[in-house]
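Chains as they are written, first to last, in our numbering: chain Y, 67 to 381; chain A, 22 to 525.
I should point out that these hints are in silico values taken from the structure, not numbers from a laboratory.
These numbers come from a predicted model, not from an experiment.
Note that CB positions come from ideal geometry on N, CA and C, so glycine has one too.
Just so you know, not all the hints are guaranteed correct.
What the hints assert, rightly or not - So, partial list: chain Y residues that the calculated Cβ filter (under 8 Å) puts toward chain A:
no., residue
1, I118
2, E121
3, R151
4, I219
5, A285
6, R344
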Amino acid sequence: MWAWLLRRIGQIIPTLIILSFMIFGLQQLMPGDPALILAGEERGDPLVLQQIREELKLDRPIVEQYLYWVGNVVQGDFGFSWRIRMPVTDLILQKLPVTIQLATMSFLIAIVIGVPLGILSAVKRDTPTDWAANGVALFGISTPNFWLGIMMILLFSVELGWLPPSGYVPLWEDPVQSLATTIMPAFVLGTGVASVLMRHTRAAMLTALSQDYIRTARAKGVSEKSVIRRHALRNALIPVVTLGTIEFGRLLAGAVLTEQIFTIPGFGKLVVDAVFNRDYPVVQGVVLATALIFVLLSLIADILYMAINPRLRQA
Amino acid sequence: MIRKTLAMGLVALAALSTAPAAQAQNIRIGLREDPDILDPTLARTFVGRIVFAGLCDKLFDINDKLEIVPQLATGYRWEDPQSLLITLRQGVKFHDGDPMTAESVVYSLNRHLTMQGSFRRGEINSMTAVEVVDPQTVRIRLREPFAPFVSQLTDRAGMIVSPRAAEAAGRNFGNRPVCAGPMRFVERVAQDRIVLERFPEYWDASRIHLNRVTYLPIPDNTVRLANLQSGSLEMVQTIEPDDLRQVNRNSRLRVSVSDELGYQGITINIGNGARAQTPMGQNPRVREAFELAIDRAAINQVVYEGQYTPTAQAVPPSNPFHARSIQPEARNVARARQLLAEAGVRTPVPVEMTVPNNPDLRQVAEVIQAMVREAGFELRINAMEFASSLQAATRGDFETYLLAWSGRADPDGNTWTFIHTQGPQNDGKYSNPEVDRLLNEARVETDAAKRLALYERMWQISLRQDRHRIYLWHRKNIVGHSTRLTGFVPVPDGLIRLQGLRFN
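Just chain Y, same shape as in the assembly (with noise of 0.2 Å):
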């Protein structure tokens, strides 16, 4: 078990690696240059041009710039953005909450609505209370995020004045200004989110349910609730958790179209505007510590198999 432990956490360091690898590689194809498009409007001054390349060090051959960026992270320095010359490790702290929070009660969301619709739709199945379920799940899958964000908006803020329209406040802050504020953005997340754990969920219930040992446990008198809840759901949450944290995963990825909409200073408004903006320390800093928490998360998931399924500890 430890020695398993070891082993996968001594798999992230060789991931990591590759992975700066392609951050760094794959930027270099994004066409324009920096120094052009930090200038904007100001690029009339070749002189000045010069200066923004040698300092940012664009003049230098793409190896000794990527050397230069590893040894700083290696020393937990992500540099400073190009274009509001802030740390990068400062932007990712002032974001990670946000983000986390948004995650998280998204998450929350989809889990209170996926999960038990998926159950129900599973034990009910082929009857009106599934095929609404399915409707719902649709729904959830088919609406885009920024459509369904601007509705929300102009429902909820202009027609009837109850929630404000964007923007973020820290919940140490403010906490009802706090859920004011995110409510709309997580419900949006939480429902696309909902619907592929309520598809996940129905499908492995389904397979759940008709197992052998269904069978053997309803044989023996064991009430439908415990069948359910006991020898069915317990099964069928594998693969259901290993969704779960993916997913979760890809919320604190940040809500790119999302997080644009309600204007949620996160990490997917961070990543964006820094790509656009060719803010190149930015994207490096946060596609990295996003790679970072997934690779975590993969491991937590892992670890969670083990603690559900007590057959895994044995290998």
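Dock chain A against the given chain Y, drawing on the hints supplied.
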């Protein structure tokens, strides 16, 4: 039941969330994007200038008639065409409490000129020295006469920073700027907000009624407007022309519309590399035909609800240097066809147009495509992300380029850089020695009437004869605000000056 609980919950949240702002003269202003670094020397974006209007005063300002008015300076006098005396206002304090002196002005101007990566360098590099004459006066020496110099000091190049704070912070000054404007810096959360608060020791404090200003970047037009409509913002920097009707119907909102300083136009690649070797690039008659096929008023009507001002030159009508003789020609497809026949080119003439990938500009390009087809052009639209399109233009990797310029108060800022052979933003590499001579003369001519005549002749050659570029229209600054807010004076530069603003 669930719905009822949900609705009640939302109402409870709403009651708590809309409760504050019992209007203590605090304003929230929506911006189109997040400003870049808040250091007047290193800053580049237009939205950044809106924040600077609250944060950093300048030696001079411009008013709604585009006249130069004193701000931190009280006046100026040319000793000779290469020596400018500026008298300074007394009793001005920086946000850190230090007084503004002639030394601070010398320090700030030198910082703009010499700091590595300074975007102000190009604006004031005709300056060879700046010196203290006495505690109230500085002298600026120029390499050669340069009429627009004072005008350069009405924007970021004229902003005076606290030398003590600037020395201490170095290149990170923009994270905590210390200037002499009406508001001082409180905090910035990137992509979320910039907060300023009233500076009690401001030299012109009697005209400042606001206590707190929060700038919120909200890139989505619909969402920005929704914030204004729902009362989450008191003011927005821009409203799109197609939203204007909706805002006008709302009795709690007011819009203020003014002409911009810049223009929208089509840059044509005439001499920048291999891609200039096209009928459009090589033959003025083909370019004339292209221009005659375009109906500016119709595009303006279709895409911008008729809000913009069709034009044929770079200088808007509100500017005293607008050349009245240069007006857009009426669409004339027959004449355009005839010109193509005279030019001896095979129709349809293929033309590619690079278009920054915005919905309205794509729409403009599509209308132009339909219009020029009738005259015998086959227009191919190449929609490109803005940053990539800028680089393509600089490299000469374009045939025509639909590009806007935010504009400067002095006509030199809208012409020389783009038209002169040495102009750093002359992407099409148009070059005509006579035009260069006229542009250079206009730079040193201080008599307004003579200067206007020089520009008029320059346009006759560069546009009517050479057809080097097609100017389309001047856009509008459309600022929206709550009717409770009074005292807003629109200036063509589109900035939001805080002087006089107050809530009733």
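Checklist entry - Where does the structure disagree with the numbered hints, that is, which hint numbers, in rising order? => result Of the numbered hints, just 5 does not hold.
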